[in-house]
Amino acid sequence: ALCKDNIYPGLGIFAKGYGKNNEPLRGYALTFCIGLAFILIAELNIIAPIISNFFLASYALINFSVFHASLANSPGWRPSFKYYNMWVSLAGAILCCVVMFVINWWAALVTLLIILALYIYVSYKKPDVNWGSSTQALIYNQALTHCLSLSSVEDHVKNFRPQCLVLAGYPNSRPALLQLVHSFTKNVSLMVCGHVRMVSRRPNFKDLSQDYVRCRRWLIKKRIKAFYTPVFADNLRHGAQLLLQAVGLGRLKPNTLVMGFKNNWSDGNMRDVENYINTIHDAFDLQFGVMILRLLDGLDISHIPGQDELLSSSEKPPKESKDVLISVSPAKDSDSESCPSKTHSNQSSPLIIRATETKCPLSLTDQRLLESSQMFKKKQGKGTIDVWWLFDDGGLTLLIPYLLTIRSKWGDCRIRVFIGGKINRIDHDRRVMATLLNRFRIDFSDINVLGDINVKPKKHNKLSFKELIEPYRLKEDDMEQEAAERLKAQEPWRITDNELELYKAKTNRQIRLNELLKEHSSLAKLIVVSMPLARKGTVSSALYMCWLETLSKDLPPLLLVRGNHQSVLTFYS
1 ALCKDNIYPG LGIFAKGYGK NNEPLRGYAL TFCIGLAFIL IAELNIIAPI
51 ISNFFLASYA LINFSVFHAS LANSPGWRPS FKYYNMWVSL AGAILCCVVM
101 FVINWWAALV TLLIILALYI YVSYKKPDVN WGSSTQALIY NQALTHCLSL
151 SSVEDHVKNF RPQCLVLAGY PNSRPALLQL VHSFTKNVSL MVCGHVRMVS
201 RRPNFKDLSQ DYVRCRRWLI KKRIKAFYTP VFADNLRHGA QLLLQAVGLG
251 RLKPNTLVMG FKNNWSDGNM RDVENYINTI HDAFDLQFGV MILRLLDGLD
301 ISHIPGQDEL LSSSEKPPKE SKDVLISVSP AKDSDSESCP SKTHSNQSSP
351 LIIRATETKC PLSLTDQRLL ESSQMFKKKQ GKGTIDVWWL FDDGGLTLLI
401 PYLLTIRSKW GDCRIRVFIG GKINRIDHDR RVMATLLNRF RIDFSDINVL
451 GDINVKPKKH NKLSFKELIE PYRLKEDDME QEAAERLKAQ EPWRITDNEL
501 ELYKAKTNRQ IRLNELLKEH SSLAKLIVVS MPLARKGTVS SALYMCWLET
551 LSKDLPPLLL VRGNHQSVLT FYS
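Taking UniProt numbering, the leading residue of the sequence shown gets 1, the next gets one more, and so forth.
Worth flagging that the hints you see were computed from the coordinates, not collected in a lab.
Be a bit skeptical, because a hint or two may be false.
Only pairs whose alpha carbons sit at most 25 angstroms apart, straight line, appear in this in silico DSS-like list of lysine-lysine [as the list claims (entries may be wrong)]:
| hint | residue 1 | residue 2 |
| --- | --- | --- |
| 1 | K16 | K125 |
| 2 | K225 | K158 |
| 3 | K506 | K466 |
| 4 | K125 | K466 |
| 5 | K459 | K518 |
| 6 | K488 | K456 |
| 7 | K379 | K186 |
| 8 | K553 | K456 |
| 9 | K221 | K379 |
| 10 | K422 | K504 |
| 11 | K466 | K422 |
| 12 | K158 | K4 |
| 13 | K377 | K221 |
| 14 | K518 | K456 |
| 15 | K125 | K186 |
| 16 | K126 | K225 |
| 17 | K504 | K553 |
| 18 | K488 | K475 |
| 19 | K379 | K409 |
| 20 | K506 | K458 |
| 21 | K126 | K20 |
| 22 | K253 | K126 |
| 23 | K409 | K377 |
| 24 | K225 | K422 |
| 25 | K409 | K462 |
| 26 | K475 | K518 |
| 27 | K158 | K253 |
| 28 | K458 | K422 |
| 29 | K553 | K458 |
| 30 | K4 | K221 |
| 31 | K504 | K456 |
| 32 | K4 | K20 |
| 33 | K225 | K378 |
| 34 | K536 | K506 |
| 35 | K382 | K422 |
| 36 | K125 | K377 |
| 37 | K553 | K466 |
| 38 | K382 | K518 |
| 39 | K466 | K518 |
The model shown is predicted, which means the values in this text are computed figures rather than measured ones.
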């Protein structure tokens with residue numbers, strides 16, 4: 001049994017069975033050799049203490065295992081002995097250990113060291129076997145107890161943690177998104193990979209459970225400490241609403257929604273853009289913070305065949321072959337690269353194919369996309385994380401860069417802070433900000449006060465924005481009022497002339513910010529920017545999407561962040 005489970009290296013060859021009863025003849029031979037080695041010592045007084053100590057160690061472990069199983073309160077532990085008592089088992093384990101040292105103290109030490117070494121090795125290697133151990137039952141019991149204890153305590157700003165719900169689709173579809181979030185949640189807070197699977201017909205829940213096992217194994221294999229939660233829904237917004245409301249357990253509940261930027265939004269169906277923007281509004285309505293990551297080459301690599309391994313839920317691949325995740329969809333959806341949780345409309349589940357790996361030539365675009373998808377996996381080296389703190393959102397925009405810099409991968413990066421201000425008060429604003437950051441105990445290398453933030457943007461950039469919004473304008477002046485109202489009702493993302501005039505200053509601000517970002521942060525490792533807000537029901541989704549597009553285009557990796565205006569930083573430790 002020990003050889004079959006392949007717990008220790010080199011024992012696997014002894015697991016082979018022979019005959020009808022599958023007799024482990026090689027195992028018998030190994031056992032014979034071990035027994036013969038002790039017999040050849042030929043001194044009973046030497047053999048007896050060693051053998052006695054190993055037997056007593058076995059009895060001690062059995063007694064302790066029985067005690068531990070009772071301590072875990074597992075329903076599966078049902079001892080049939082009428083006079084059984086868990087404390088008697090513990091006493092038996094202790095007495096066995098005492099007798100080991102009474103018989104021969106040095107043999108007892110050697111025995112315990114051998115057992116400890118074997119246990120440490122198994123704990124380190126974490127073999128892929130499931131014994132239904134009492135340790136597993138006890139961990140569950142303790143986790144449940146602690147979750148219930150947390151639920152009775154109110155949240156405090158000193159204990160705030162960014163607990164993230166990441167709309168990433170299949171986990172290996174957008175590795176850069178997961179790796180960045182994992183950088184600041186690992187061993188600190190909760191991370192849940194949400195997956196909205198859109199279906200137009202009756203959902204296949206059997207496939208859902210199989211995919212869940214595969215994706216969970218992929219996360220474990222990549223050492224990403226996160227949970228995977230898929231849901232069926234008819235669109236992104238509906239699925240996100242389900243996840244935002246239902247994911248979590250007591251205090252272990254997400255408070256921040258993380259998505260990828262919808263890169264190809266202008267090429268797809270505007271109803272998808274409407275759902276995307278409304279998902280952001282829903283998150284704010286539910287008191288979530290929101291983060292949106294944009295990379296120059298995009299995030300989604302699911303259309304590239306064989307880009308990553310995904311182990312089957314029931315077996316491991318042989319060494320000469322790979323299990324490869326491929327998309328069922330015959331063509332890439334125009335929104336798939338940009339929409340963080342959207343799967344293809346006709347996609348069911350990933351296929352696990354067994355074949356020897358063949359290399360296919362990739363286009364230059366796909367090569368760049370694959371390279372950028374791994375950019376947060378490696379050490380970042382010396383550089384800066386530029387924080388553009390333009391609004392007071394409770395401090396989430398400052399907290400995320402700080403959590404990144406305390407990690408080894410980002411340890412060589414320094415935080416630079418950019419704030420808006422007036423030309424005649426630059427020195428004063430810098431001193432005030434430096435005092436504030438010092439009180440928050442956040443290290444920074446520089447503070448830049450942007451005195452020219454309210455300067456009008458350049459003319460050619462304003463023309464570019466005008467060209468960007470042109471296909472989405474309602475142009476109500478060119479049609480009758482009744483026809484304009486009917487079109488607006490059918491296509492609510494349309495931008496009205498009144499809306500454009502009303503938010504002209506805010507539009508110019510996004511254009512100007514992009515100019516300043518290119519001027520000051522073009523070499524940053526990561527840019528963290530306060531995300532602009534749009535009033536729900538007043539600003540159309542097309543105009544809001546154009547703001548986000550204009551603000552974040554042609555820049556290094558950029559993270560748009562907006563807290564829920566509840567304080568997440570405090571002066572007190």
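Checked hints:
no.: 1; hint: K16 <-> K125; in the structure: 23 angstroms, holds
no.: 2; hint: K225 <-> K158; in the structure: 23 angstroms, holds
no.: 3; hint: K506 <-> K466; in the structure: 14 angstroms, holds
no.: 4; hint: K125 <-> K466; in the structure: 59 angstroms, violated
no.: 5; hint: K459 <-> K518; in the structure: 16 angstroms, holds
no.: 6; hint: K488 <-> K456; in the structure: 31 angstroms, violated
no.: 7; hint: K379 <-> K186; in the structure: 16 angstroms, holds
no.: 8; hint: K553 <-> K456; in the structure: 19 angstroms, holds
no.: 9; hint: K221 <-> K379; in the structure: 20 angstroms, holds
no.: 10; hint: K422 <-> K504; in the structure: 21 angstroms, holds
no.: 11; hint: K466 <-> K422; in the structure: 28 angstroms, violated
no.: 12; hint: K158 <-> K4; in the structure: 50 angstroms, violated
no.: 13; hint: K377 <-> K221; in the structure: 14 angstroms, holds
no.: 14; hint: K518 <-> K456; in the structure: 16 angstroms, holds
no.: 15; hint: K125 <-> K186; in the structure: 20 angstroms, holds
no.: 16; hint: K126 <-> K225; in the structure: 15 angstroms, holds
no.: 17; hint: K504 <-> K553; in the structure: 19 angstroms, holds
no.: 18; hint: K488 <-> K475; in the structure: 10 angstroms, holds
no.: 19; hint: K379 <-> K409; in the structure: 4 angstroms, holds
no.: 20; hint: K506 <-> K458; in the structure: 15 angstroms, holds
no.: 21; hint: K126 <-> K20; in the structure: 32 angstroms, violated
no.: 22; hint: K253 <-> K126; in the structure: 28 angstroms, violated
no.: 23; hint: K409 <-> K377; in the structure: 8 angstroms, holds
no.: 24; hint: K225 <-> K422; in the structure: 44 angstroms, violated
no.: 25; hint: K409 <-> K462; in the structure: 39 angstroms, violated
no.: 26; hint: K475 <-> K518; in the structure: 32 angstroms, violated
no.: 27; hint: K158 <-> K253; in the structure: 17 angstroms, holds
no.: 28; hint: K458 <-> K422; in the structure: 20 angstroms, holds
no.: 29; hint: K553 <-> K458; in the structure: 16 angstroms, holds
no.: 30; hint: K4 <-> K221; in the structure: 22 angstroms, holds
no.: 31; hint: K504 <-> K456; in the structure: 11 angstroms, holds
no.: 32; hint: K4 <-> K20; in the structure: 18 angstroms, holds
no.: 33; hint: K225 <-> K378; in the structure: 17 angstroms, holds
no.: 34; hint: K536 <-> K506; in the structure: 15 angstroms, holds
no.: 35; hint: K382 <-> K422; in the structure: 31 angstroms, violated
no.: 36; hint: K125 <-> K377; in the structure: 23 angstroms, holds
no.: 37; hint: K553 <-> K466; in the structure: 15 angstroms, holds
no.: 38; hint: K382 <-> K518; in the structure: 20 angstroms, holds
no.: 39; hint: K466 <-> K518; in the structure: 20 angstroms, holds
Hint compliance for this structure: hints 4, 6, 11, 12, 21, 22, 24, 25, 26, 35 are broken, all remaining hints hold.
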